[in-house]
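**Student:** Listed below are the residues making up each chain.
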Amino acid sequence: MSTARKRAGQRRAPWLIVPLAALAVAYVAVPFAALLQGAPWNDMGELVGQPIVTDALRLSMLTAFAATGISLVVGVPLAWVLARLRFPGRSATRALITLPMVLPPVVGGAALLFAFGRRGLLGAPVYDSTGFLLPFSAWGVVAANTFVAMPFLVLTVESGLRAADQRFEDAAATLGASRWAIFWRVTVPHAAPSIVAGSVLCWARALGEFGATVTFAGNLQGRTQTMPLAVFLALESDRDAAIALSLLLIAVSLAVLVPLRDRWLTA
Amino acid sequence: MRRRVTWRIVVALLSVLGAAACEGTGDGDDGRIVVFAAASLTEAFGELATGFRTTGGGVAVELNLAGSPSLRTQILNGASADVFASADPSTMTELVGAGAADDPVDFAANRLQIAVPPGNPAGVRGLADFADPRLLLGLCAEEVPCGTLARNALASAAVTPSIDTDEPDVRSLLTKVQAGELDAGIVYRSDVLAAAGTVEGIDVPPEVNATATYPIAVLTEAANPDAADLFKAYVLSREGQAVLASHGFEAP
Amino acid sequence: MLRASIEVALGDLRLGIDLQVDDGEVVALLGPNGAGKTTVLRVVAGLRAIDDGRIELDGTVLDEPATATFVPTSQRPIGLVFQDYLLFPRLSALDNVAFGLRCRGATRADARAEASRWLERFDLAALAAVRPRNLSGGQAQRVALARTLATDPRLLLLDEPLAALDAGTRLRVRTELRRHLATFGGARLLVTHDPVDALVLADRLVILEDGHVTQSGTPALVAARPRSRYVAHLIGINLLHGTAIGDRTVRLDTGAELTVADPLPGPDVAVALRPQAIALHRLKPEGSPRNTWAATVDDLEADRDRVRVALVGPVTATAEITPAAVAELDLAAGTPVWATVKAVDLTAYER
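These protein sequence lines are chains R, Z and Y, in that order. The numbering of the first sequence is the working numbering, which starts it at 1 and goes up by one. The numbering of the second sequence is the working numbering, which starts it at 1 and goes up by one. The numbering of the third sequence is the working numbering, which starts it at 1 and goes up by one.
Be aware that one or more of the hints could be misleading.
Claimed, not checked - To be clear about the criterion: a stretch of chain R counts as covered by chain Z if any three or more of its residues have a C-beta under 8 Å from a C-beta of chain Z, and this derived list gives those stretches:
1) 89 to 100
2) 180 to 190
Said to hold, decoys possible - Some residues of chain Y that are not near chain R, with every Cβ distance over 10 Å (derived):
3) GLY79
4) ASP123
5) ALA232
Hint data in this document are derived by calculation from the structure and do not stem from the laboratory. For every residue, glycine included, the Cβ atom is placed at its ideal position computed from N, Cα and C.
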């Protein structure tokens, strides 16, 4: 009687919900627990300090943030167009943007190669005239990351914009705000939670990207070998190193995700 | 009333699942084997699998192809397989040491060759070109046998390589050369042969070349050990060896 | 000065209205929901284009389809106070008021200084740093008004300015709003469905029903001579329409006939009848046979110390009697009654 009374203010879950939720958490937690259990704690410091690890980590961080930055600059306007403008082919455009999410990443990497490789559709003329090449460079990694991760940001921000109350934009117009001012001072601040959420998803996806990166940018320590690649190769030869790398990647990701507050993600 | 109907459905589901499970094990025991083979054996073992099926009394061969270290890891972690054919004796030794494989026999050898896109657009002539920073060059990653061997060969030839990518397996390296995205890569002779027409091969002088030895073994946890033994024998037979030779492999 | 001739198609409704608001004037657009009032404001503000007509403010044409002229909202010198204020939730009261100034190029410091002065004028200085969600209804309304006035508009538009407030606050805020509106020198157009708001705040009323104007004039005039059932209902008067037959008899649209005391002004007449003037009886009254009809009680409604009795019959009207009379007559929904009214209590005027 008294526990029910105590919880009277809080919403009580239907009886099956909590066990199912616990199941979901357990399913995700158990593999991590197994990783922790199999970790070479004694050698951890030494393993983590090696250049191959620090190179991979630095590259992963730089490319993930760069990909997120690019995705913000072009993705938010695209989200706005999809949410606010009515034009023929809007659904087709949205389907196109979703494509990198459903394609196997390796296929995405191959497509990028066909487009921007040395013999690629756009890559060939650029290479022939300027000698600039995306594959086998860090920018190639950024390109691959952006390709697979941008859709996450676009779709999240689009749904945030759709849900936003457009009357505030009317109010801003009556106060004399130009279209650009409305975008910067009203639309974007109101869409901020979805922009944050979309950026996080984008960043996380870019950080974990493997298939498209290795297919398009290749694999070279210090230049194109990101953490996921390093882990994959380490698994073949040095299991301890692989686990150490994985834990490092998890720790870094948690360091970014955990401080995210609820209220930044909700309107 | 509702409870009774639900129970009936559960019983029906369980019996369907049970039947399926029983059926599964029934077939597996007699009709098929699972062979883990190194990626460089793709075409050769594909043909061997077909040949075995016709001559070996209808036993189907299911192939799992990947880098040898990756396959070793899968086997050590309990993947169910009957036969393991490795491109690297050390991975086989590991499995034998762990009690997962028995009585390995070398069945083939493979030498390295330089692969270039058709027409050799960069004019690559030999290992020495692998030190040229202006070319786009690839090797297998050090963690796979092809990569170690290539580095050994380059060291023997006193070449300090200027590499643009360490591909995780030999097939992805080959694909990049085929597409012209790389000017050259060091792969196995068998790979160049398998990609006939889409790449050209440049020989590596035998004094510096490295050879990969391929052992094959039946796994101790094999579900179908009899058929597995038959397959191993087939690979070692004259017919099997002829198939391997036609794909560019050499005698062990 | 606003001069507007507006024609807009709104689904089934066709809005057609001519409107003029002079500088210094407060005009209230009054009408039932769905009459098109808010659309008039949106069209004047430029949030929607008219289908035909012309909107002109201080000589500048803002919207004229015939000449393909359309000035976008942000370039119109108008201010609009929305029904739920629409204060930017992530900005403080001060920054809300400063918003329009910032958009016009003022630096943050200048804009905030000016906004501060506006807040002072509205007695809101203490709330400068408060977010809109922590403001009371009345405070939010004042901030919204300050925000709009800070941009120095030539025309002030208000959409149901008191609708978002509860009854208690509405009373107080209404008087304050009247005071604040008086400080603005330009034209003011407000839209409301509440007649008391209109009466208190406006110099002139424009009644909008079903997309067109049914009446226009000072509150006193409109109240004295309601031209439509809507207005009459607002004021609490029964209004009946009919044609003149002879000098003093009116035949209503239902066929019933009423006799009035004074000569009728014209062929089409409206007859106004105060609810208090209708007498009810259970039995048909002897004596004066004129202005007597059989009716059925439709509904009873208590109104302070009186009861309003809605009647249906040849004359559909509402009577107002004491609770004691209700008890004495034993009235309930469905009760048949006889209603009478004296000729002298009927006022007829031209429709």
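**Student:** With 10 Å as the threshold, tell me whether ASP123(Y) passes as away from chain R on beta-carbon distances.
**Tutor:** Holds, because the least Cβ-Cβ distance between ASP123(Y) and chain R comes to about 22 Å, which exceeds 10 Å.
**Student:** Confirm or reject the coverage of the segment 180 to 190 of chain R by chain Z under the rule of 3 or more residues with a beta carbon closer than 8 Å to the chain's beta carbons.
**Tutor:** violated (count 0)
**Student:** In terms of beta carbon proximity below 8 Å, does the segment 89 to 100 of chain R have 3 or more residues touching chain Z?
**Tutor:** Three-residue rule not met by the segment 89 to 100 of chain R, so violated; n is 0.
**Student:** Taking the minimum C-beta separation from ALA232(Y) to chain R, is that value above 10 Å?
**Tutor:** holds (35 Å)
**Student:** Decide, holds or violated, for the assertion that all CB atoms of chain R are farther than 10 Å from the CB of GLY79(Y).
**Tutor:** Given a closest Cβ separation of 6 Å, the condition is violated.
Violated hints, listed in ascending order, are 1, 2, 3; each of the other numbered hints is respected by the structure.
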